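Put the two chains together into one complex, using the hints given.
As a plain string of letters, each chain reads:
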Amino acid sequence: MPVFQLNVNGKGYAVDIDGNMPLLWALRDILGLKGTKLGCGVSQCGACTVHLDGVAARSCSVDVGVACLSKITTIEGLSYDGGELHPCQKAWVDLGVPQCGFCQPGQIMTAAALLRANPHPNDEEIDAAMRGNICRCGTYPRIRAAIHKAAGDATS
Amino acid sequence: MSKKFKVSRRAFLQTAGVGAGAVVFGSYLTPALQAQGLISNLINGFPVSGVPVVALKVNGDVVIIAHRPEMGQGIRSSLAAVLADEMEADWKRVTVKQADADAVKYAVIFPSEVPTNYPLPHPYEKIPGTQKPKVQYMVPPEGSQFADSSRSMTAYYTVMRLYGAGIRLAMIRAAAKKWGVDPKECRAEKHRVYGPGSRSIGGRSIDYRWLLLGAGKETPTYEEINAALKKPEEFRYIGNGKEKMPFVDASDMVQGKAVYGADVDVPGMLTAMIERCPVANGILLSYDATPALAVPGVRFVLPVLPSGYPAGGVGQGFIPHAGVAVVATNTWAAWQGRRALKPTIQWNKGPHKDYDSTEFRKELEAATATSDKTKRVRNKGNVDAALGTPVKATYYVPHLAQAPMEPPAAIALFKGGRMEVWAPTQNPDGAQQLAGQVALGLPPCPPNDEACQEKMRAAATLHMTLLGGGFGRKSKPDYIVEAALLAKQIPGVPIRVQWTREDDIKFSYYNAASSQHYEAALGADGRPTALLQRSALTSFFGTLFPNFDTPGLSAAQVAGAAVVRAETFGGGEYPYASGIERAQGLEDMPFDIPNIRIENCQARNHIRVGWMRSVANIYHAFGICSFADEMAHAARRDSKDYLLELIGAGRILPLSAEEVALYRNNELPVEIIKVPFSGGKITQVLPGFPPDTRRLRGVAEAVAKVSGWDEKVKQYKNMKGRGLGIAVHRSFLSYVGIVADVSLNDRNEVTINDIFGVIDCGLAVNRDRVMAQMEGGIVYGLSYALLGEITVKTGAVVQNNFDDYPILRIHQTPKIHTYIQDPPADVVKEYEGNVPPTGVGEPPTPAVAPAVANAIFAAGGPRIREIPFKKFVTVL
Chain P
1 MPVFQLNVNG
11 KGYAVDIDGN
21 MPLLWALRDI
31 LGLKGTKLGC
41 GVSQCGACTV
51 HLDGVAARSC
61 SVDVGVACLS
71 KITTIEGLSY
81 DGGELHPCQK
91 AWVDLGVPQC
101 GFCQPGQIMT
111 AAALLRANPH
121 PNDEEIDAAM
131 RGNICRCGTY
141 PRIRAAIHKA
151 AGDATS
Chain C
1 MSKKFKVSRR
11 AFLQTAGVGA
21 GAVVFGSYLT
31 PALQAQGLIS
41 NLINGFPVSG
51 VPVVALKVNG
61 DVVIIAHRPE
71 MGQGIRSSLA
81 AVLADEMEAD
91 WKRVTVKQAD
101 ADAVKYAVIF
111 PSEVPTNYPL
121 PHPYEKIPGT
131 QKPKVQYMVP
141 PEGSQFADSS
151 RSMTAYYTVM
161 RLYGAGIRLA
171 MIRAAAKKWG
181 VDPKECRAEK
191 HRVYGPGSRS
201 IGGRSIDYRW
211 LLLGAGKETP
221 TYEEINAALK
231 KPEEFRYIGN
241 GKEKMPFVDA
251 SDMVQGKAVY
261 GADVDVPGML
271 TAMIERCPVA
281 NGILLSYDAT
291 PALAVPGVRF
301 VLPVLPSGYP
311 AGGVGQGFIP
321 HAGVAVVATN
331 TWAAWQGRRA
341 LKPTIQWNKG
351 PHKDYDSTEF
361 RKELEAATAT
371 SDKTKRVRNK
381 GNVDAALGTP
391 VKATYYVPHL
401 AQAPMEPPAA
411 IALFKGGRME
421 VWAPTQNPDG
431 AQQLAGQVAL
441 GLPPCPPNDE
451 ACQEKMRAAA
461 TLHMTLLGGG
471 FGRKSKPDYI
481 VEAALLAKQI
491 PGVPIRVQWT
501 REDDIKFSYY
511 NAASSQHYEA
521 ALGADGRPTA
531 LLQRSALTSF
541 FGTLFPNFDT
551 PGLSAAQVAG
561 AAVVRAETFG
571 GGEYPYASGI
581 ERAQGLEDMP
591 FDIPNIRIEN
601 CQARNHIRVG
611 WMRSVANIYH
621 AFGICSFADE
631 MAHAARRDSK
641 DYLLELIGAG
651 RILPLSAEEV
661 ALYRNNELPV
671 EIIKVPFSGG
681 KITQVLPGFP
691 PDTRRLRGVA
701 EAVAKVSGWD
711 EKVKQYKNMK
721 GRGLGIAVHR
731 SFLSYVGIVA
741 DVSLNDRNEV
751 TINDIFGVID
761 CGLAVNRDRV
771 MAQMEGGIVY
781 GLSYALLGEI
791 TVKTGAVVQN
801 NFDDYPILRI
811 HQTPKIHTYI
821 QDPPADVVKE
831 YEGNVPPTGV
841 GEPPTPAVAP
851 AVANAIFAAG
861 GPRIREIPFK
871 KFVTVL
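Chains as they are written, first to last, in my numbering: chain P, 1 to 156; chain C, 1 to 876.
Be aware that a few hints might be false.
[As the list claims (entries may be wrong)] In silico PhoX-like cross-links for lysine-lysine, where the CA-CA straight-line distance does not exceed 25 Å:
hint, chain 1, residue 1, chain 2, residue 2
1, P, Lys90, C, Lys230
2, C, Lys257, P, Lys71
3, C, Lys353, C, Lys793
4, P, Lys90, C, Lys257
5, C, Lys230, C, Lys829
In short, the hints are calculated from the structure, not lab data.
Here the structure is a predicted model, which is why all the values come from computation and not from measurement.
Isolated chain C, as found in the complex (with noise of 0.2 Å):
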């Protein structure tokens, strides 16, 4: 099958403000909407987009646009770099441009000539009660900016190659036709065309902006530009490309010139500091605004909520909580402002003001001791036959904050009807619906309603900034919906909601608390013939929906809601886990074992459960593979050689065959997408991404080799205190392993001497950001593993800053060691020699716990299952 696509220029213009409707889908696969953008642009005089993603400027010089957030991964420079590299740009003439929030315009369409019975992203129809979108999209207008989940890379790899490919298939052809020669024998290379001949003995070359009128009226298909996609080794930027890649805000960063979400200066701002209820879903019931108005600069006391809105907490979504806010010129003013404010206000503390984690997790650990009340998430042959006397253990993990450097700030500024918000967001779609909705005052969207959801966006535009860290607390915008509420009320002056590091700690959307039960039996050889597993945590479900049984609901609402959580999540019902949690580490235990039993236990919310790095792995990474260590010291063998042979030779893991209803593979295709072309070539367009511990097994194998472990455990079996331990683990489709080498010494002090990590994720586009992902999320894994907890008492956080919740120094920083992994060879040819890139920015996290307890032990220390280990070990 073969289709050009014809699209007029007016069709273009009309479409190309939305990007609804195959035809512009289309318009990466034809560069002619391409040209006629740049004819716009010749006639206009100055640049502008009239593709999503990238422009040309007449010229030739080259503008992207960096559609997702910026939160330290690099991504403003990856995605870039994937487009330059496949339309061979020349990085000299490329500039990086910031998009504002628009969800519908960047989400990507499904390729017209792809059939469209092939298995999608989010498995609608296997869900009862739900239908297939009208529109069927790669990557979905919730998806399309939310940076969350390690997906930017992995959701637009295939999108910015086929744009890129497609403008340089595009430049050949017109260059071809200008010298009257056959396109296969012209290759492009930085910014030119090459003809036939070499360059020495008069070849011909002409500039891309030369070409830009001709290159308008090519209309490549999808297929000849699907079949026009680089192979690795001819990548120039990329991969293993022999050029340096760029990073485009390295250079602002250190000169204090990158601007973050509290460094935006719109005239006339004011400042608002907001004193909140510290306990979820409380109420205010009165304030006195006289001292804080006696405060030079304090312009304004107001309470954030409107009368009747409910107060943000438990089920309410990104509603924020109760505050009154001291809105003054400047921060210090406010600050002071907000200190006299303080005692006159009254609080109804409403029903959570009796919560104390430390009674809750006597809950979670009685919840995960016994079947009842479970919910069997996967099941192979008989457990309970197999048992016997069993190898038992039970971890728990407290609440973490994620305590991004830059506490939340948002500036939004109210006229003429609409919002406009300035913020550092993970979530600029979401942000922007919710500015949208404080402006013209409406409730909340019913679900999947589209013609709503588009109302809203279009009372609010919403710029994004740098953000100083996200690590998922800046995918939830109730900080952007603070400043909406109080700009909704003082309209048309700018104002900006500035958090301290205490209101960052105290009012966090926190990793769930957890408790993970484990029982093996076994066998003669010691490996286990049956494992049990029972997993309790408090699901950011109840968070995110309001609950079915809270009083007051209607019945349009239970049922909405219960809509929502089916599709978004995959079936569960609160207070049970959510299939995306459930698919993080639970459900997709790797480990070869004959009989195995996997249950979920209920756990309620109490307070603001959101995600922080790595999420749901972190209690499960830190469960199995610190069981899978005591199984091996139960079986009397070497760590590393045990947790070999749970791994097994590797396999595909059989989910649905084990009773596992639906597994949310972080919301992508397990199976790979083939299509059949012209000629009956049926090709690899679309990568999926199945759990494969054949993959799981090479960074294993490779971390033990590079860390020397076979030789060290030899060596250190003669040393007092020093141990080493290790843990695998696949999250965000990315597979890492990780050894660590501690010593510890007779007053139980702890030192972390070296940790090695292994990443296979597949195509390492940005070689150096991948490394700083994997230094990064290491020590982000000791921070917590070490020294991480939240808890709370009367309702409210206990901790305030970083002297109460401490986060890793560079003292305690270990030498860090990683290495990138390629996929085994066998993996190789099944993705026809193009493994697709995953995740980076939350894998290296979740194996990292589980490696340093292992060690800790090894090294002659107690058995360590909870989190933080400072409360058995001396960290210094």
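Bound conformation, chain P alone (with noise of 0.2 Å):
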């Protein structure tokens, strides 16, 4: 099988893998970067976002082959330049937002790459960038929220 080289985290990788491979379970069995998660397999909930050269993508439906074009962020580098939370993060904890958690680390790279494009989004634009991440417990109305309490931070 050939050598994909893999930019993840700032990090650099040599995987010898399957090239259809999707990026997620290179990332979660490969790597061993279980924070990116999976949710549905089909690009329908968003659980296994991440960021390819900033942009948020669904890593269940890029290959390997494709990733490794690209930076690749995970929720485990979100933060990994500073040490310190990443002002989603911190808003995230403040306000309460996870239930059971697991559809938040794809939720908050949704809403970082978001940040990133429109540091000040009203609230259909968030509806709008964040309607492709389901979350089952219903933590809708805190992830507004915390969107808007991140993009304070940012600025301020």
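What follows is the structure, encoded as structure tokens:
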């Protein structure tokens, strides 16, 4: 099998795997980064969201052969540069967003990409960006509030 | 009566591991035992929990054991905070540690100082042919770790408080002895005991760590600890306490560090994916392993069930569906191997291969159309004489899937004749026993055979991970049995079974499909003089136990199943509903009507049926709360005013006087248990939870007020396409009122603008998590009301994933306004000021669907009598 060079959270990995393996399984099974979750496997729920060159992408539906062309950031690397939590992570804790917590890494990765592209989204913009992420516990009202809060932190 | 416990260290050590017998129940009452545990800590140099739920380290830090499963309800934080609050622990010095499955250890035996002739949670004595258990439990082993029915806090609140107060009392006494003062003049505050005199003028204080040995010699009695419990206004963290409640997992969760079922990494682990028979009870005929084995990384292709094993499905409990597993070095290889395997499998699809849910709906509705073959479950007055020309309506709720975000996953390792399991489960004890049964290769235990159950438990260890949502799905350990069955075939290798979303949607234990029929006669004043209700539902009975008429059952199996059904489910016999299902909004219909007859119809299972968040309350609340609104419209009255009249002034429902044989009150006592102590004082020691419509009325009035009902009704009268709907429901001992505010435009597109929700759950221990459960429970209710439907054709579930089994998304979520309502003052008084906490996980959900249906009708839309609403209005 070919060897792929993956750049994940600023670190280089050479992995000898099937190029059709979805990035999700390379992250979880090969690199041991378990913060990225399987929710649906078909880009319906966003639990597996990572950043490819800073843009939110569903790792269940991006092959390793494609992902290796981008800088990959996972929930484990969202705050890696300073060690301090990302404003979204902070706002999520402050407002007690998580219930079971399983979808929240994906929610936070989508929200972080949103704030990068649009530092002050209104409710409609938040809904448009976040509607691909399902939360079965129903934490949506607090997710909205936390994104607004993080947007405030990010600009202050 | 006052009796000191005297327990030797040897006796403690003998019993601590097992938790059986009154002595160990005493352990929480006698910090002597606590301190003996501490002494062994000192000797060993590291903390060892000598008692079930709490240990103190040499430096005074506290380790609190989270023995219940955490699935998003926040119980790891909330129960720990109850104990920490009563013991006056400084939360900075508390850590929470997750327990393994150990149901007997965490069971709670009735306090030995409490006379034993008090009503028990399980009314065994009322069931013919059953006997009182040898040991009387406050929380029996089968319920000690089972996270279902929103019972974690209700069951353990008093227990955790007694532990905490016992430790605080012992610390205070130890300090008082040290100083030679009266303990009554001392108080404890955040890990310190303070002596007489104020801090500023030379009063003494001492940290708990220096009191460990002294506290260990104290032996306060049950009575003394009970008397030392804090008053609600003295709480530090819980309730209205002044310090913020902890949320122990939040930080890990947002960083991707929280460990769920599939995240556990056991060295050498292989991953299995399973292709299952799409029809319940179908069996495997043949398969060809060759194409799957050709996929790189695939190591084994194996049938899940040993030959001769019954295939899972109707009547087979937690035995998994027949299936073939592809076991590989990673998930993707297993996934691809499974794809290659699928076309090679031949199934015998068995007795349910023609099941069609659309046809079955007609059967259910035919059953509720007449009183033939129904069982009368409640009766008051004479309905037939009063009915005349009734208002009538029939409602339908389809099968629904729980669909937790985390698809089921479990890891099992078979080694040295034992099974070790890592899994997200609501049912640790059930899963542990089943894993042990697989390890030993034995048939299931006969009912109530405790020795057999102990043998099963001893053959397996189960480590609980966090659950990525449960909602009832993960109280069924079939996926754990799959992992164990595969591990047994590959000894020494840890096997992880990973489900896909399609597996989760197609192989759930679905909420029952149900038809609800109502007829009411309205008097001259518009109020009902008679109500007839018929409920048909596919009981989970039919899934858990073999049908009595299943061919090939031995007489012993039939007799055994009958005993378990009678004991566990209140005497109902399949294909009628169980006592548990009847007590979820059917028998306890709350309205004050002179003539009432409630009937339960027959309905058979053709698919696995289980629990989904709020269970039978889903269809019972949808039916009765919609019908209340239909009666209001028939009487030309305001829906809210009419609802309040239906509830009446409020009372405790006199169910036994109305022919309800055995009301299963969420398995908890109806009456408050009071006990005479020395001096003749009769005090509440264990709460009771009567169905009390004073509290239902309280939430109805409160939700009308916070939603601005009266003003908005006037305003919306002149607005096209805007409406309000109201519904109230008691479930899992809590009371919830919901008001929905919706818009419906000319294109029949519905928008839910606002949902107002009010809950009376007694003491709201963790107010922030109660609010979170209200918000989430409302979203869960909206999700199934608008979108939820599982259909079955030729025995197999039609839906696949979130595209055809949609879940509510953020842009469909309205503004949600939630409120915690105190119980009415007269109720508070009856509880001597301490209203105990009741469920919050499930209660927010049932009233949502009818409130929205009523609002859509008020907005000029159709009267919607079935779920999902998207069949009648467009949900954008």
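Given hint Lys230 of chain C paired with Lys90 of chain P - CA-CA distance at most 25 Å
violated, 34 Å
Take a quick look at whether Lys230 of chain C and Lys829 of chain C sit within 25 Å of each other, Cα to Cα.
holds, 17 Å
Quick one, are Lys90 of chain P and Lys257 of chain C close enough, alpha carbons at most 25 Å?
Within the cut-off at roughly 15 Å; holds.
Does Lys71 of chain P sit within 25 Å of Lys257 of chain C, going by the straight-line distance between their CA atoms?
holds, 22 Å
Does the alpha-carbon distance linking Lys353 of chain C and Lys793 of chain C stay inside the 25 Å limit?
Cα-Cα ~9 Å, so holds.
Consistency with the previously given hints fails for number 1 only.
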